[in-house]
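Kindly produce the complete structure, drawing on both the sequences and the hints.
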Amino acid sequence: MRKNPFNMLKMSVLGCAVLVGVSGAVLTAGSASAETVTAVPISAKVTPIAIQAAAVQMKEVVLTSKTENLKTNVKVPQLSGMLDAKYEEQLNDILLSHANEDLANWEKEADEAAADAKTKGFTYRPYELTIIYELKSDGTGSPAGLVSLQITTYGATGGTGMPRVDTYNVLNREEAQRVTLQDVLGDSYKETVDAGVRAAMDEHPENYFKDDFKGIGESQGFYVEKGEAVVVFPKYAIAPGVMGSPEFRFPLAADLTIPVKTEPVSKVAMDLAAGDQITSAEGVSLVPFRKVAEGLGYEVTWNQATYAAELHKGAQWTSVTVGKDSYFYAKMAPVSLGAAPVIQNDILYVPLKFVSDILKAEVKTGDSGVLHIEQ
Numbered sequence: 001m002r003k004n005p006f007n008m009l010k011m012s013v014l015g016c017a018v019l020v021g022v023s024g025a026v027l028t029a030g031s032a033s034a035e036t037v038t039a040v041p042i043s044a045k046v047t048p049i050a051i052q053a054a055a056v057q058m059k060e061v062v063l064t065s066k067t068e069n070l071k072t073n074v075k076v077p078q079l080s081g082m083l084d085a086k087y088e089e090q091l092n093d094i095l096l097s098h099a100n101e102d103l104a105n106w107e108k109e110a111d112e113a114a115a116d117a118k119t120k121g122f123t124y125r126p127y128e129l130t131i132i133y134e135l136k137s138d139g140t141g142s143p144a145g146l147v148s149l150q151i152t153t154y155g156a157t158g159g160t161g162m163p164r165v166d167t168y169n170v171l172n173r174e175e176a177q178r179v180t181l182q183d184v185l186g187d188s189y190k191e192t193v194d195a196g197v198r199a200a201m202d203e204h205p206e207n208y209f210k211d212d213f214k215g216i217g218e219s220q221g222f223y224v225e226k227g228e229a230v231v232v233f234p235k236y237a238i239a240p241g242v243m244g245s246p247e248f249r250f251p252l253a254a255d256l257t258i259p260v261k262t263e264p265v266s267k268v269a270m271d272l273a274a275g276d277q278i279t280s281a282e283g284v285s286l287v288p289f290r291k292v293a294e295g296l297g298y299e300v301t302w303n304q305a306t307y308a309a310e311l312h313k314g315a316q317w318t319s320v321t322v323g324k325d326s327y328f329y330a331k332m333a334p335v336s337l338g339a340a341p342v343i344q345n346d347i348l349y350v351p352l353k354f355v356s357d358i359l360k361a362e363v364k365t366g367d368s369g370v371l372h373i374e375q
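Note that full-length UniProt numbering has the sequence shown beginning at 1, numbered continuously upward.
Hints are supplied without guarantee of correctness; some may be wrong.
For lysine-lysine, the following PhoX-like pairs were computed, each having C-alpha atoms within a straight-line distance of at most 20 angstroms [as the list claims (entries may be wrong)]:
| hint | residue 1 | residue 2 |
| --- | --- | --- |
| 1 | Lys364 | Lys267 |
| 2 | Lys214 | Lys226 |
| 3 | Lys313 | Lys360 |
| 4 | Lys360 | Lys267 |
| 5 | Lys313 | Lys86 |
| 6 | Lys66 | Lys108 |
| 7 | Lys214 | Lys190 |
| 8 | Lys108 | Lys86 |
| 9 | Lys364 | Lys353 |
| 10 | Lys267 | Lys313 |
With beta-carbon atoms standing in for the labels, derived distance ranges [unchecked claim]:
| hint | residue 1 | residue 2 | range |
| --- | --- | --- | --- |
| 11 | Gln304 | Gly121 | 28 to 36 angstroms |
| 12 | Glu282 | Ala253 | 35 to 43 angstroms |
| 13 | Ala254 | Asp194 | 49 to 57 angstroms |
| 14 | Lys190 | Lys360 | 26 to 34 angstroms |
| 15 | Tyr124 | Gly323 | 45 to 53 angstroms |
| 16 | Gly158 | Gly369 | 51 to 59 angstroms |
| 17 | Lys190 | Gly323 | 51 to 59 angstroms |
| 18 | Lys210 | Ala333 | 27 to 35 angstroms |
| 19 | Ala85 | Ile278 | 13 to 21 angstroms |
| 20 | Gln304 | Asp202 | 39 to 47 angstroms |
| 21 | Lys364 | Ala254 | 45 to 53 angstroms |
Don't read these hints as lab results, they were simulated from the structure.
For every residue, glycine included, the Cβ atom is placed at its ideal position computed from N, Cα and C.
Right, dumping it as structure tokens:
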């Protein structure tokens, strides 16, 4: 089995994040160099602006398996009617890409299991993959313009499964934007959610792993439904499997208006110490994926099933797979950068050219080998 780099990865609900509030397995900084990244994000001004509500519609694409070894019930949501057509197209592409990737991985696993069963003389029972969705808010409710989508991916191999819940929250306007827990619950959202979760645990301690709950992070998964923010945790994260994916509901203010960015965000710059860089067997300069991505304002999620890391910022999205020298951005054709992503000392590294050629950031080498990166 593959090593599960939990020292590098902090698990929460998997998925894309900055594009639309999505939880995920996020790479942590625990194994980073002692050198500190200097990130200089220049925030945009925000002001509450009333949004004219318009209902977003849902269509679906049904995917089926090419192998008889995998049964499928895969329905991929595709949004229509968003005011930001480009954002809608890119989000739909992400949703479909994720589903196709899940399907391909489960087909591979199913075929391998079937072949193994045949070799050992066992009766093979087909694996099953289910992907379903629910539009929790279509933009016509409160808060006005908020679209909230939940997608559940579940693979069954005959034993207890591990469903993945992805949540997407976006403000439907001419320039769509991600909606965060802070947007809907205020600056003290962490304290509010932590207190609510702990209160529920105290009321029914037999239902939870109280000692495992250390508080929520910035990428905590949630959706909005009927005037409430519903915080979702992965199965087994804070409770026994019988509890499924625990949910906690928090009422929103009746007059809540989502803050809208009124000015473009300026460039983000960071410095990467020479000690953070390594060289691959091919002689290619490699840099820590998470450290660079988050330093530039991206949010990183880890997909343990595919051994891949994804990053998101606005409508921008890409992913890299360990051992695969193939890189892309949005819908660009995949390209080789001379070396595949690798994990060393529980840190994921990618070629430096990923930063310049894929993320289109400007990279300059300064004194003592320090890299100055600006995007």
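**OP:** Please work out if Lys108 and Lys86 have their alpha carbons no farther apart than 20 angstroms.
**Re:** The hint is violated at about 33 angstroms.
TODO: Hint says 45 to 53 angstroms; check whether the CB-CB distance for Lys364 and Ala254 agrees.
DONE: holds (51 angstroms)
| message | Is 45 to 53 angstroms respected by the C-beta to C-beta distance linking Tyr124 and Gly323? | response | Since the Cβ atoms of Tyr124 and Gly323 sit about 28 angstroms apart, the hinted range of 45 to 53 angstroms is violated.
Please test the hint of 26 to 34 angstroms on the beta carbon pair from Lys190 and Lys360.
Holds: the Cβ-Cβ distance is about 33 angstroms, inside 26 to 34 angstroms.
With the threshold set at 20 angstroms, check whether the alpha-carbon distance from Lys214 to Lys190 stays at or below it.
holds (11 angstroms)
- Is it true that the CA of Lys364 sits at most 20 angstroms from the CA of Lys267? The hint holds at about 15 angstroms.
That 49 to 57 angstroms hint for Ala254 and Asp194 (C-beta), does it hold up?
violated (24 angstroms)
If you draw a straight line from the CA of Lys313 to the CA of Lys86, is it 20 angstroms or shorter? The given pair, whose Cα atoms are some 14 angstroms apart, holds under the 20 angstroms limit.
Are Gln304 and Asp202 spaced within 39 to 47 angstroms by their CB atoms?
violated (31 angstroms)
Next pair to validate is Lys364 with Lys353; report whether the Cα-Cα distance is within 20 angstroms. Satisfied, since the Cα-Cα distance of roughly 12 angstroms is no more than 20 angstroms.
Hint says 13 to 21 angstroms; check whether the CB-CB distance for Ala85 and Ile278 agrees. violated (42 angstroms)
| query | If you draw a straight line from the CA of Lys360 to the CA of Lys267, is it 20 angstroms or shorter? | reply | holds (12 angstroms)
Of the numbered hints given earlier, the model fails hints 2, 8, 12, 13, 15, 17, 18, 19, 20; all others are met.
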